[in-house]
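Colleague: Sequences listed follow chains A and B, in order. Note that the numbering used here has the first sequence beginning at 6, numbered continuously upward. Note that the numbering used here has the second sequence beginning at 6, numbered continuously upward.
Since the hints were derived computationally from the structure, they do not count as laboratory data. Incorrect hints may appear among the rest.
Listed next, the in silico BS3-like pairs over lysine-lysine satisfying Cα-Cα at most 30 Å (straight line) [unchecked claim]: (1) Lys115/B / Lys70/A; (2) Lys97/A / Lys115/B; (3) Lys176/A / Lys97/B; (4) Lys176/A / Lys18/A; (5) Lys140/B / Lys115/A; (6) Lys97/B / Lys140/A; (7) Lys140/B / Lys97/A; (8) Lys115/B / Lys174/A; (9) Lys115/A / Lys174/B; (10) Lys161/A / Lys18/A; (11) Lys115/B / Lys174/B; (12) Lys161/B / Lys18/B; (13) Lys102/B / Lys161/A; (14) Lys161/A / Lys97/B; (15) Lys176/B / Lys70/A; (16) Lys102/B / Lys176/A; (17) Lys176/B / Lys140/A; (18) Lys140/B / Lys70/A; (19) Lys176/A / Lys176/B; (20) Lys70/B / Lys176/A; (21) Lys115/A / Lys70/B; (22) Lys140/B / Lys176/A; (23) Lys97/B / Lys174/A; (24) Lys161/B / Lys174/A; (25) Lys97/B / Lys176/B; (26) Lys102/A / Lys161/B; (27) Lys161/A / Lys140/B; (28) Lys174/A / Lys102/B; (29) Lys70/A / Lys161/B; (30) Lys115/A / Lys70/A; (31) Lys70/B / Lys102/A.
Pairwise CB distance ranges, derived in the manner of DEER restraints [unchecked claim]: (32) Leu123/B / Phe203/A: 34 to 42 Å; (33) Gln159/A / Gly132/B: 47 to 55 Å; (34) Thr99/B / Gly132/A: 33 to 41 Å; (35) Asp154/B / Arg169/A: 44 to 52 Å; (36) Gln26/A / Ser137/B: 51 to 59 Å; (37) Gly132/B / Arg206/A: 25 to 33 Å; (38) Thr37/B / Thr37/A: 18 to 26 Å; (39) Leu123/B / Gln159/A: 29 to 37 Å.
Backbone N, C-alpha and C fix where the C-beta goes; we use that ideal spot for every residue, glycine too.
Okay, here's what each chain looks like letter by letter:
2 protein chains.
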Amino acid sequence: MYIPSTFSEADAKALAGLISQYPLGLLISSGTSGLLASPIPFLYRENENAPSLVAHLARANPHWKDLAGLSECLVVFQGAANYVSPDWYPSKQTTHKVVPTWNYEMVQVKGVPTIIELTDWLGGQVGELTESMEKRRQTPWRPGDAPSDFIESQMKAIVGLEIRITDMKGKWKMSQNRLPEDVRGVVHGMSDPTDPYFNLRAAEIVSSRNPVK
Amino acid sequence: MYIPSTFSEADAKALAGLISQYPLGLLISSGTSGLLASPIPFLYRENENAPSLVAHLARANPHWKDLAGLSECLVVFQGAANYVSPDWYPSKQTTHKVVPTWNYEMVQVKGVPTIIELTDWLGGQVGELTESMEKRRQTPWRPGDAPSDFIESQMKAIVGLEIRITDMKGKWKMSQNRLPEDVRGVVHGMSDPTDPYFNLRAAEIVSSRNPVK
């Protein structure tokens, strides 16, 4: 991913935070079946200087067989994304030197994949992933709510995936290259419920990424 | 992408519709620089039996140089996506045989990339892309609003990309494999503003993809 320095985010906490907020990553590889991409929910594990991503795939999904023979894969996490109309920039009215673009936040992780078929590992990963998603809810569901023989049969239908992270990069393209008045114009435009590109979450991120503007 | 028949969507209009609604695709290739993924807005062109995706990239983005030497690339478009809590299923209260999952809509396109550096082609693509985004707005911005020497300098900073489509697949994983009462539970759960996974757009798609439920 091309990352001009203005948009680069290297802070591991910020990158892990985006993964936690948008856990449905796109798992990408190029193996014997060619280019493959599968949407899979991931967990980021810090592991003291040996960070990893962990997930599970349906055994029926042939992607895991390709991964088993590979030394590298890529996982892409995308957060908020929004079209930016040049009409939102006040500088449009003066210089007219403006063009459309997109704002987005994205984390890309490269690593070494390992397929894991140990029942204990799978139980741990499924439990941890479920807790990470359900803890925000008032009535969190737990795997223990289901009959144990049912959970056992479900475990047989999945395989585990651990990706030892070798590279992790973040790009927050959030109007940091614009003049202060244009940044304010973008926030205003994205906060306008009558605009088809109304997006309050994206507006908040543009604000927080441009604190002095 | 693994697509059980229950979730498969082959209708070209539905696939093109998702691309139009979520034009920011993830352009993926495996070339001399290894696995690369770039978020890029795309346009789908029907071209009478020879459909293509067209886009432009910043010349400073090295991804286009890798693409120039490749015979295949992949573009992934993701639409609505949402966590599905088993707590939403009424069958949770009876059989308890339920587990969490994710719903999502996704289109994956494979094709043959060609890099295009013709000014006329670039002008046409930029104009068409801008119109597709701005036509929804009350005060559509047009490239002609900017000074021509400015637009010319912008054109020099981009390269064109045309992908002749060889394969296009759609997956709408929207609870079609659930019992009618569980589908209604999912729609109800996603429509509950007090739930952290509140998502009205996703709820609408679950409804429309399960018409007889």
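Colleague: List in ascending order the numbers of the hints, as given earlier, that are violated by the structure.
Modeller: Failing hints, ascending: 2, 3, 5, 10, 12, 16, 18, 23, 27, 28, 29, 34, 36 and 39.
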